[in-house]
Amino acid sequence: MWWYLAKRLLQSLATLFVVSFLAFFMSRISGSPVDALLPVDAGQEEADILIAEWGLDRPLPVQYLTFLGNALQGDLGEALKWRGQSALGLVLERLPATMTLAGAAILLGLVIAVPLGVISAVKKGTWIDRVAKVIALLGQSLPEFWLGIVLIWIIAVNLGWLPTSGTGGLSHLVLPAITLSTTLVAAITRLTRSAMLDALDSEFIKLCRVKGVRERRIIWVHALRNAVSVPLTYFGVLAGAILTRTVVIETVFAWPGTGSLVIEAVLGRDFAVVQAAMIVFVLVFIAANLFVDILYAVIDPRIRVE
Amino acid sequence: MSSKDQDTVLAVKELRTHLFTKMGVIKAVDGVTFDLKRGETLGIVGESGSGKSMTAMSLFRLLPSGGRTVSGSVNLEGEELLTKSESEMRRIRGRRMSMILQDPQSSLDPVFTVGAQLMEALRIQEPAPRKELRKRAVDILRSVNVADPERRVDSYPHQMSGGMKQRVVGGIAISGQPTVLVADEPTTALDVTIQSQYMNLLNEIKEATNLSIIFITHDMGIVASMCDRVMVMYSGRIVESGSVREIFNNPQHPYTKALMASVPTIDRKTERLFSIEGTPPPLWDLPEGCRFAPRCPVAMDRCMEEYPPTVSFVAPDEVSHEAACWLAGDIDHE
Ligand SMILES: Nc1ncnc2c1ncn2[C@@H]1O[C@H](COP(=O)(O)OP(=O)(O)O)[C@@H](O)[C@H]1O
Ligand code: SF4
Ligand SMILES: [Mg+2]
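First to last, the protein sequences are chains A and B. Quick note, the first sequence lines up with residues 641 to 946 if you use the numbering used here. Quick note, the second sequence lines up with residues 24 to 357 if you use the numbering used here.
Since the hints were made in silico from the structure, they are not lab data. Hints are not guaranteed to be accurate.
Here are the simulated DSBU-like cross-link-like pairs (lysine-lysine), alpha carbons at most 30 Å apart as the crow flies [what the hints assert, rightly or not]:
{"#": "1", "chain 1": "B", "residue 1": "Lys45", "chain 2": "B", "residue 2": "Lys107"}
{"#": "2", "chain 1": "B", "residue 1": "Lys45", "chain 2": "A", "residue 2": "Lys763"}
{"#": "3", "chain 1": "B", "residue 1": "Lys107", "chain 2": "B", "residue 2": "Lys154"}
{"#": "4", "chain 1": "B", "residue 1": "Lys45", "chain 2": "A", "residue 2": "Lys764"}
{"#": "5", "chain 1": "B", "residue 1": "Lys60", "chain 2": "B", "residue 2": "Lys36"}
{"#": "6", "chain 1": "B", "residue 1": "Lys229", "chain 2": "B", "residue 2": "Lys36"}
{"#": "7", "chain 1": "B", "residue 1": "Lys107", "chain 2": "B", "residue 2": "Lys60"}
{"#": "8", "chain 1": "B", "residue 1": "Lys107", "chain 2": "A", "residue 2": "Lys763"}
{"#": "9", "chain 1": "A", "residue 1": "Lys763", "chain 2": "A", "residue 2": "Lys773"}
{"#": "10", "chain 1": "B", "residue 1": "Lys280", "chain 2": "B", "residue 2": "Lys36"}
{"#": "11", "chain 1": "B", "residue 1": "Lys107", "chain 2": "B", "residue 2": "Lys36"}
{"#": "12", "chain 1": "B", "residue 1": "Lys45", "chain 2": "B", "residue 2": "Lys229"}
{"#": "13", "chain 1": "B", "residue 1": "Lys154", "chain 2": "A", "residue 2": "Lys773"}
{"#": "14", "chain 1": "B", "residue 1": "Lys107", "chain 2": "A", "residue 2": "Lys764"}
{"#": "15", "chain 1": "B", "residue 1": "Lys229", "chain 2": "B", "residue 2": "Lys60"}
Each pair of labels, with its calculated beta carbon distance range [stated by the list, open to error]:
{"#": "16", "chain 1": "B", "residue 1": "Met327", "chain 2": "A", "residue 2": "Arg770", "range": "44 to 50 Å"}
{"#": "17", "chain 1": "B", "residue 1": "Asn226", "chain 2": "A", "residue 2": "Arg942", "range": "29 to 35 Å"}
{"#": "18", "chain 1": "B", "residue 1": "Glu102", "chain 2": "A", "residue 2": "Arg770", "range": "38 to 44 Å"}
Take a look, some chain B residues computed to stay more than 10 Å from chain A by CB distance [as the list claims (entries may be wrong)]:
{"#": "19", "residue": "Arg116"}
{"#": "20", "residue": "Arg118"}
{"#": "21", "residue": "Pro133"}
{"#": "22", "residue": "Gln148"}
{"#": "23", "residue": "Lys229"}
{"#": "24", "residue": "Pro317"}
Quick reminder that beta carbons are idealized off the backbone N, C-alpha and C, glycines included.
When you get a sec, could you build the whole thing from the sequences and use the hints?
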């Protein structure tokens, strides 16, 4: 188990390194930040000063190594658009809002999807199963920004039940969390359902019945504990998808998280902030996966020994 | 009069279990009648798909989806099981009637320790403090010859060999001190030496507890070593039944004779268990007459039209010997 975790940690470091590399070069491909930083009528002289100040005149590999060296010390540079603030600081300042949104969406997704998947497997072929299938299909196929806008329009604008955007209290969280959770609900419902069907069909469930175990316990303890590792495995992947989606959702709902910060930074060619956000997102992603690994080992003893 | 002195613990009459599928109605069990005496081991043999497992699951009222017992009677020690409620059945399962499933690799829940699974069974039978349950779980593991039971009680199924897992399953099955134990091909997945160890264990348990066992297998060698009586099943019906000695020495039904001819002798693993040409008829489209007729080497016109009656023979050991074949009576008169 410890060896397994150590291995995963090492893999994570490698991932992080690759991502820092990609983050650095990709943000350079998108165009020179100098154009974005300077007023339109600025001359070459002012541009040169800026370039020298930011070290943009040095060769890219040197810039990257400097960046990496600083990054290892927790310094991801100064923001270009927001003068005088550290890029990492900006990202971290906005991170709690994003984590709240993502956490709420995940919680909502699990609370809906796992029972829905279990029930639709147990009641396979009945109307409940069909309803679950429709929900999963909709959640999978509706574009999130579209769903977000429709929700705002119907529930916030027309019905006036919830605020349209921004933060403050639980009521602001509801619509963006629902929107963000749709794909998660779709995926987890489907995965739970098929894993439950497999589990319920297995010999050990038959043996439980022969033993006289109650059906409720068979479903929610024996079958679910065996089935849950399937959606859990995917959950690591889904965590990445959720993080990426926060960018769109936060923009639609004007949610002041890292996602909307990224959009602002991209529009302002602030590669320092984009880099910092990418790296922080990857760190969060890695942490989520590590957490999933540990959970996985807790649930399934076969993993522990390997 | 040995067999008539023993009391009947399980009486099954005209049991019919059908599976309602998209393809049509599968008559998996189609009129099965038998008695099981106290302390008796009754074998059920037959090709795969002949309805052995469905018969067993019908006794427990645990059928796959689409399966339903449409008529008949299952009487356990004077109580009709087919009319019992699900919660009444749950109290019978594991306590008065228990079962060992075919595949030891998958019949234990992989995410719980074997101790937890044994304790679960014990708790259902009689709630008790954890410590007490654990002690009894260890005792049961010891009684089924699991070495080092104090340590093994905390093992997970994947940490055990197939033979050991199947002994745990056996332990779970006898934990409720049942009257009837159904063993559905319990050794098919085990290798030969482990197989004979396991059968010795079952015999020991049977001696110690006066258990009645229904032993499902397609291995005539196992029947010879384990069973008192045997029933031969074909396409959802019992085609012949009698004492093991009678069935081996004096088989009446052409299908039983063919089975005897294919009893493996030296190497069980490589021998084809059934060397009879052809396959059983599809259960959703059974022929009107004898179901074995398309494969029977001595079939007559009559066999195709009418299902043969069950003929009884007077066997030397006075255990009733019956066969359902138009020729069975004639052979007897020879
Ligand atoms: N879960 C199931 N769903 C549909 N058909 C089944 C199922 N289990 C068994 N059957 C059918 O019932 C018949 C009897 O099967 P079974 O009792 O398992 O045979 P045996 O145990 O003698 O090999 C077979 O034709 C098989 O196809
Ligand atoms: S009844 Fe006819 S077909 Fe059936 S086993 Fe006897 S001889 Fe063969
Ligand atoms: Mg079977």
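Against the structure, the hints:
Simply put, Lys45 of chain B and Lys107 of chain B have alpha-carbon atoms about 29 Å apart, close enough for the 30 Å limit, and the pair holds. Under the criterion of a C-alpha separation no larger than 30 Å, the hint pairing Lys45 of chain B with Lys763 of chain A is consistent with the structure, at around 18 Å. A distance of roughly 34 Å separates the Cα atoms of Lys107 of chain B and Lys154 of chain B; the hinted pair therefore is violated under the 30 Å criterion. Between Lys45 of chain B and Lys764 of chain A, the direct Cα distance comes to roughly 15 Å. Compliance with the 30 Å bound is thereby established for this hinted pair.
Under the criterion of a C-alpha separation no larger than 30 Å, the hint pairing Lys60 of chain B with Lys36 of chain B is consistent with the structure, at around 15 Å. This hinted pair checks out: Lys229 of chain B and Lys36 of chain B have alpha carbons roughly 25 Å apart, not beyond 30 Å. Restraint check for Lys107 of chain B and Lys60 of chain B: the C-alpha separation of about 22 Å stays at or below 30 Å, so the hint holds. A hinted pair counts as satisfied when its Cα atoms are at most 30 Å apart, and Lys107 of chain B with Lys763 of chain A qualifies at roughly 23 Å.
With a CA separation close to 12 Å, the supplied pair Lys763 of chain A and Lys773 of chain A stays within the 30 Å bound. Between the alpha carbons of Lys280 of chain B and Lys36 of chain B the distance comes to roughly 26 Å, so the proposed pair stays at or under 30 Å and holds. The suggested pairing of Lys107 of chain B with Lys36 of chain B holds, with an alpha-carbon distance near 16 Å, which does not exceed 30 Å. Pair hint Lys45 of chain B plus Lys229 of chain B does not hold up; C-alpha atoms about 42 Å apart against a cutoff of 30 Å.
The hinted pair formed by Lys154 of chain B and Lys773 of chain A fails the criterion: a straight-line CA distance of about 45 Å is larger than 30 Å. At roughly 25 Å between alpha-carbon atoms, Lys107 of chain B and Lys764 of chain A fall within 30 Å of each other, so this suggested pair holds. Restraint check for Lys229 of chain B and Lys60 of chain B: satisfied, since their Cα atoms lie roughly 13 Å apart, inside the 30 Å limit. Under the hint 44 to 50 Å, the C-beta atoms of Met327 of chain B and Arg770 of chain A, about 46 Å apart, fit the expected range.
Separation of Asn226 of chain B from Arg942 of chain A is about 34 Å and conforms to the stated range, judged on CB atoms against 29 to 35 Å. For the pair Glu102 of chain B and Arg770 of chain A, the beta carbons lie near 40 Å from each other, so the given range of 38 to 44 Å is met. Distance to chain A contradicts Arg116 of chain B as a non-interface residue, since its nearest Cβ pair spans about 4 Å, not more than 10 Å. Not every CB of chain A is more than 10 Å from the CB of Arg118 of chain B (nearest about 7 Å), against its label as outside the interface.
Here Pro133 of chain B does not stay apart from chain A, with its beta-carbon only about 6 Å from theirs, under the 10 Å limit. With a least CB separation of 8 Å from chain A, Gln148 of chain B falls inside the 10 Å interface cut-off, contrary to its annotation. Chain A leaves Lys229 of chain B outside its interface by the beta-carbon criterion, the shortest separation being 19 Å against a cut-off of 10 Å. The claim that Pro317 of chain B is not at the interface with chain A holds, since no C-beta of that chain comes within 10 Å of its own (minimum 33 Å).
Going through the hint list in order, the structure does not satisfy hints 3, 12, 13, 19, 20, 21 and 22.
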